[in-house]
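J.: So you can see what is in the structure, the chains are spelled out below.
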Amino acid sequence: MLRPRIVPCLLISSGGLVKTRGFKSPKYVGDPINAVKIFNEKQVDELIVLDIDATVTGVEPNYGLIGKMAQECRMPLCYGGGITESSQAFRIMQSGVEKVALGASAILKPDLLAEISAGAGSQSVVAVLDVRKRKGIFSKGYQAYTHNGKIPRDGNPLEIAVNFQRAGAGEILVNSIDNDGEMTGYDLELARLIAKEVSVPTTFLGGAGSIDHMIDLVSACGTVGVSAGSFFVFKGKYRAVLINYLSREQRDKITLSARQL
Amino acid sequence: MITILDYGVGNLYAFLTTFKRLNIPVRTASTLEDLADVSKLILPGVGSFDHAMQCFNDSGMRTRVEQLVLGQKIPVLGICVGMQMLGSSSDEGILPGLNWIPGRVISFSENPATASLPSPHMGWNDVDFEVGSVLKDRESELAPRFYFLHSYYFDAKDKSHVAATADYGFRFDAALCNGNIYGVQFHPEKSHSWGSQLLKNFAEL
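Taken in order, these protein sequences are the chains called R and P. Note that this note's numbering has the first sequence beginning at 158, numbered continuously upward. Note that this note's numbering has the second sequence beginning at 39, numbered continuously upward.
I should point out that these hints are in silico values taken from the structure, not numbers from a laboratory. Since the model is a prediction, treat every value here as computed from it, not as a measurement. Be aware that one or more of the hints could be misleading.
Derived DSS-like pairs: lysine-lysine, alpha-carbon spacing no greater than 25 Å straight-line [unchecked claim]: (1) R:LYS394 to R:LYS184; (2) R:LYS353 to R:LYS297; (3) R:LYS353 to R:LYS292; (4) R:LYS199 to R:LYS353; (5) R:LYS194 to P:LYS238; (6) R:LYS307 to R:LYS184; (7) R:LYS194 to P:LYS78; (8) P:LYS195 to P:LYS174; (9) R:LYS225 to P:LYS58; (10) P:LYS174 to P:LYS58; (11) P:LYS174 to R:LYS199; (12) R:LYS225 to R:LYS199; (13) P:LYS174 to P:LYS238; (14) R:LYS199 to P:LYS238; (15) P:LYS58 to P:LYS195; (16) R:LYS199 to P:LYS58; (17) R:LYS266 to R:LYS307; (18) P:LYS78 to P:LYS238.
A few chain P residues that don't get close to chain R, going by computed Cβ distances all over 12 Å [stated by the list, open to error]: (19) ALA52; (20) PRO63; (21) ASP72; (22) LEU73; (23) ALA74; (24) LYS78; (25) ASP96; (26) ASN137; (27) LYS238.
Note that beta-carbon positions come from the ideal geometry of N, C-alpha and C, so glycine has one too.
Based on the provided sequences and hints, a complete structural model is requested.
T.: Listed below in structure tokens is the structure:
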């Protein structure tokens with residue numbers, strides 16, 4: 158039986174690991190290579206690494222650091238941040254990364270998804286969708302954002318997700334800006350909507366604070382990717398930095414809770 | 039020495055680091071000259087079938103590799119698209135496969151049993167090895183699981199060539215064995231201890 162992928166998501170800023178809250182106030186949590194080593198020992202399912210400076214500052218991906226992480230990493234690795242050309246994506250994959258993630262570029266240059274998936278296969282192309290709930294009195298639903306939640310984007314996020322898939326994405330990573338770092342649970346309404354609408358694998362991020370939250374997600378959506386940042390880097394109510402993962406029993410419990418499609 | 043075929047498809051780092059950790063000497067081969075003194079071959083592969091076949095055909099190594107595998111019976115392990123290349127044909131492309139293990143590569147989306155499931159088949163799945171499979175970890179009591187990432191699956195013509203199956207809406211061929219020719223659809227190089235044990239088993243054949 159295919160198991161839900163339980164995936165730590167690490168954020169990189171200024172060469173170090175950080176964790177944000179609502180996409181803001183990055184807190185330093187450690188060294189990326191050291192984190193990869195710890196996650197190797199814990200035999201995590203997969204790892205996502207997102208450089209949250211690259212797109213906003215317009216710099217190239219940090220190939221040196223990416224290569225070092227890839228060579229250390231004993232599980233599949235997904236890298237995102239600052240990819241605007243297919244040549245950059247291919248260079249990153251040549252250095253040992255399995256998947257590349259595109260957020261702003263996926264919206265601004267949809268052809269790029271097609272170009273990368275033609276060269277490397279769609280299974281290696283992840284489109285990232287950062288969404289926030291609309292909060293106005295007259296507005297409902299969700300809105301997509303890019304550039305660390307700063308620039309709102311037109312269009313229904315559901316349609317954007319379907320367009321990503323049509324353009325060549327082999328996976329959609331959906332990130333709830335509202336729930337980022339809150340550790341109060343996933344946005345299940347959003348997850349249900351997207352998982353139902355797309356036919357490529359989906360991964361959800363934003364809000365996980367307990368194993369029960371992960372069980373809630375797979376009970377609602379089935380065997381999807383279950384990603385978390387804070388939950389895997391903090392311990393306790395004072396958020397002491399401690400890189401951690403689930404035990405085999407806890408992972409089996411999540412697998413058994415997955416809604417069968 | 040164990041030789042990993044470097045024909046421009048797939049990343050080899052994960053294999054190199056896995057074997058290094060296991061203290062098993064390996065090297066890569068990208069030209070015909072590199073194919074001297076080969077004890078075993080690893081044929082990695084990612085991306086589309088035709089792209090991988092084309093790169094392998096253009097690598098200048100194919101004829102020699104066929105002599106090694108079919109003539110000298112050197113053990114070979116095809117991985118992911120590298121396993122699919124062992125077959126006769128793929129619905130993903132028009133180029134013929136190597137036809138070392140007769141079979142056709144088919145899209146999950148063509149199979150009614152997987153129509154409602156996401157494609158690609160992505161993630162960790164349990165793998166059931168046939169009794170006596172040399173690739174299986176004989177020490178472990180845990181069911182082995184491996185990382186999969188593929189949209190097409192191998193359908194072996196002769197089911198006695200199937201070394202393991204996995205379940206994704208139906209049971210598909212997850213590993214193959216035809217004499218000295220082996221294939222795995224999953225990624226042992228990214229499958230923690232289960233994967234490194236499998237690569238170790240292959241190295242110790």
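J.: Each hint should be assessed against the structure and marked as holding or not.
T.: Results of checking the hints against the structure:
Proximity of LYS394 (chain R) to LYS184 (chain R) is assessed by CA-CA distance (about 15 Å); at most 25 Å being required, the pair is judged to hold. Our distance criterion of 25 Å between C-alpha atoms is met by LYS353 (chain R) and LYS297 (chain R), whose separation comes to about 19 Å. Pair hint LYS353 (chain R) plus LYS292 (chain R) holds up; C-alpha atoms about 24 Å apart against a cutoff of 25 Å. At roughly 31 Å between alpha-carbon atoms, LYS199 (chain R) and LYS353 (chain R) are farther apart than 25 Å, so this suggested pair is violated.
Pair hint LYS194 (chain R) plus LYS238 (chain P) holds up; C-alpha atoms about 21 Å apart against a cutoff of 25 Å. Straight-line distance between C-alpha atoms of LYS307 (chain R) and LYS184 (chain R) comes to about 19 Å, which keeps the hinted pair within the 25 Å bound. For a cut-off of 25 Å, the pair hint linking LYS194 (chain R) to LYS78 (chain P) is broken: about 30 Å separates their Cα positions. For the proposed pair LYS195 (chain P) and LYS174 (chain P), the alpha carbon gap of about 22 Å is at most 25 Å, so the pair holds.
Restraint check for LYS225 (chain R) and LYS58 (chain P): the C-alpha separation of about 16 Å stays at or below 25 Å, so the hint holds. Of the supplied pair hints, the one linking LYS174 (chain P) and LYS58 (chain P) holds, its CA atoms being roughly 21 Å apart against a limit of 25 Å. Restraint check for LYS174 (chain P) and LYS199 (chain R): the C-alpha separation of about 22 Å stays at or below 25 Å, so the hint holds. Under the criterion of a C-alpha separation no larger than 25 Å, the hint pairing LYS225 (chain R) with LYS199 (chain R) is consistent with the structure, at around 19 Å.
Between LYS174 (chain P) and LYS238 (chain P) the alpha-carbon distance is near 10 Å, which keeps this suggested pair within the 25 Å criterion. Restraint check for LYS199 (chain R) and LYS238 (chain P): satisfied, since their Cα atoms lie roughly 21 Å apart, inside the 25 Å limit. Proposed proximity of LYS58 (chain P) and LYS195 (chain P) is contradicted: the alpha carbons are some 36 Å apart, above 25 Å. A C-alpha spacing of about 20 Å is found between LYS199 (chain R) and LYS58 (chain P), which places the hinted pair at or below 25 Å, so the restraint holds.
Between the alpha carbons of LYS266 (chain R) and LYS307 (chain R) the distance comes to roughly 18 Å, so the proposed pair stays at or under 25 Å and holds. Distance hint between LYS78 (chain P) and LYS238 (chain P) is fulfilled; the C-alpha atoms sit about 12 Å from each other, no more than 25 Å. Listed as a non-interface residue, ALA52 (chain P) fails to keep its Cβ farther than 12 Å from every Cβ of chain R; the least gap is roughly 6 Å. Distance check on PRO63 (chain P): its Cβ is at least 18 Å (rounded) from any Cβ of chain R, clearing the 12 Å threshold; non-interface status holds.
Distance to chain R confirms ASP72 (chain P) as a non-interface residue, since its nearest Cβ pair spans about 19 Å, more than 12 Å. Remark: the non-interface label on LEU73 (chain P) is consistent with the geometry, its nearest Cβ contact in chain R lying 22 Å away (cut-off 12 Å). Once the 12 Å rule is applied to beta carbons, ALA74 (chain P) is consistent with being away from chain R; the minimum gap is 26 Å. Residue-level check passed: LYS78 (chain P) sits 22 Å from the nearest beta carbon of chain R, beyond 12 Å.
Taking the minimum C-beta to C-beta distance to chain R, about 16 Å, the non-interface status of ASP96 (chain P) holds against the 12 Å cut. At the 12 Å boundary, the C-beta of ASN137 (chain P) stays outside the reach of chain R, the nearest C-beta of that chain being 23 Å off. Listed as outside the interface, LYS238 (chain P) is consistent with that label: its C-beta sits roughly 14 Å from the nearest C-beta of chain R, beyond the 12 Å cut-off.
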